Amino acid sequence: MESAPQVIHPRGGQDETARRDDAPSGGPVPLVDEIAALWAELLNRPEVGAEDDFFALGGNSLTGIEIIERVARDHGVRLSVRDFYLAQTPARVAGLIERERSGT
Amino acid sequence: MRLTPGPARDIDLDTVDLFDLDLYGTGDPHPVWDVMRAEAPLHHQVLPDGREFWSVTRYEDVCRVLGDHREFTSERGTVPTHLGQDDVAAGVLLTSTDPPRHTEVRRPLGSRLTARAVGSWEDSIRRSVTRFLEPALDGEVFDLAEKALLLPAIVTGPLLGIPEKDWEELVRLTAMVAAPSDPHFQLGSEAATLAISHHELVGYVTEWVKDRRHSGAEDDSLLHHLMSVRPGGAPLSDQEIALDGYSLLLGANVTTPHTVSGTVQALIERPEQYGKAQADPDLIPNLVEEGLRWTSAACNFMRYAVTDVPVAGGVVPAGAAVVAWIGSANRDAALFAAPHTFDITRPNAKRQIAFGFGPHFCIGAPLARLTLRVFFEELLHRCDSLDLAGEPDHLRSYFIAGMTHLPITAQKRHTP
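Here the protein sequences come in this chain order: D and A.
Following UniProt numbering, the numbering of the first sequence begins with 1 at its first residue and continues without gaps.
Following UniProt numbering, the numbering of the second sequence begins with 1 at its first residue and continues without gaps.
If you're looking for bench data, these hints aren't it; they were derived computationally from the structure.
The structure presented is a predicted model; accordingly, all values stated were derived computationally and were not measured.
We put the CB at the ideal spot given by N, CA and C, even for glycine.
Treat the hints with caution; some may be incorrect.
Ranges of calculated distance between the beta carbons of each label pair, as one might list FRET restraints [said to hold, decoys possible]:
#, chain 1, residue 1, chain 2, residue 2, range
1, D, Ala37, A, Glu269, 54 to 62 Å
2, A, Asp219, D, Gly103, 38 to 46 Å
3, A, Thr26, D, Pro28, 30 to 38 Å
Isolated chain D (complex conformation) (with noise of 0.2 Å):
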């Protein structure tokens, strides 16, 4: 199943353009695109959307556990794997993290 290119939409709702035009360059990736950009990786993908779903983009459990252990490794912290397939999308699991550090 191909997924067409989509816009990424951060916390704010920017336009990715946008964001991306304000941003100082060499500025802090926003956290959904950081994990968009591992999925593209490790999915052998061009472009991997905020929304785009993990099993359309053809993940399994092998780049499950890979992908769980970058995360672990780069950010620090350990994605549930049942959380992790349930979220299904860069921007959820992006979320996960996103809770996971802030303890709540």
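Following the hints, complete the assembly by docking chain A onto the known chain D.
What follows is chain A alone, placed relative to chain D:
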């Protein structure tokens, strides 16, 4: 699915949907397979999402597809719930590997699971079975299908090296793999259910191996054996150990309970067969074979055609998926006279292929046979009669034929 088929009905093979979960959850697939064997021994179906598969249903053709890895490869997946997605574990997981590598890895594993090797487990299995049956004998309603889900773990847990505290969770995870669409086991969606259960099971074995390496402890468990074998002169990779460990857990857990429940149901419906086995316990090994034929818990396995392969009067095109319906083959009148009759004295019951056929024949078959024999010896020895105490519920799965509920009551035998 009903194991005793209802009356024959009009079946249109052009519109029949073999992946319709209702057909197995509440329906009756045997009359469909009867017509397929008679009229369309090579059947083609396109699913609503465009995926396609071929089906063989006759005994001879099912054996051919499962037995010939040169024409029908296992390396693109063997389970129809994964139809259309190439197996990510191909060539690593033993069940998704063709000979010669398959033979190399299987041989050292199989050496620990021969009838002779598992024979030493009989006393311990008998103790486990006795303990398992105890609560069934107090006269209260006993949900055999639900309880039996834990039976393989009770029996194989020590053999595999899995501590008792983990059994329940592992049994739940393996049930999720086997029937990801059954409401008892589904989490989110079918895809999520499969991914969660695969991930956690593979993760479990990976952790087990890591702990073992760390502590340096050794035992004669099967998982430890996986760590020490050297097929082709080199040890298995960590991924191979994790996936094959997963596969052993799955194979042990998801089929045997349904053979137990389905065979007990058949005996309850046919008290004369129950009486016959009770009067002559020497019939029990054949009862087990007939129960395996009758229940065919692994309902099918899938292969992919390597080239255009002529089979069952047609041609499976190169690259196409073929589902070999074991449940149908075991009811083929060409081999089994009056195939829909449950008969514990059936002379050729042993030719059933419930354990599959060919290179991937169930590696745990000797252990399953031993467990089933001991189970029925103890059941018949301890119970005068059995009764249904409610309607059975069937598993919503086109891959595993089984039950989720089978409420029964047992009459304890007073003069054992």
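Going through the hints against the structure:
1. D:Ala37 / A:Glu269: 54 to 62 Å: holds (60 Å)
2. A:Asp219 / D:Gly103: 38 to 46 Å: holds (41 Å)
3. A:Thr26 / D:Pro28: 30 to 38 Å: violated (55 Å)
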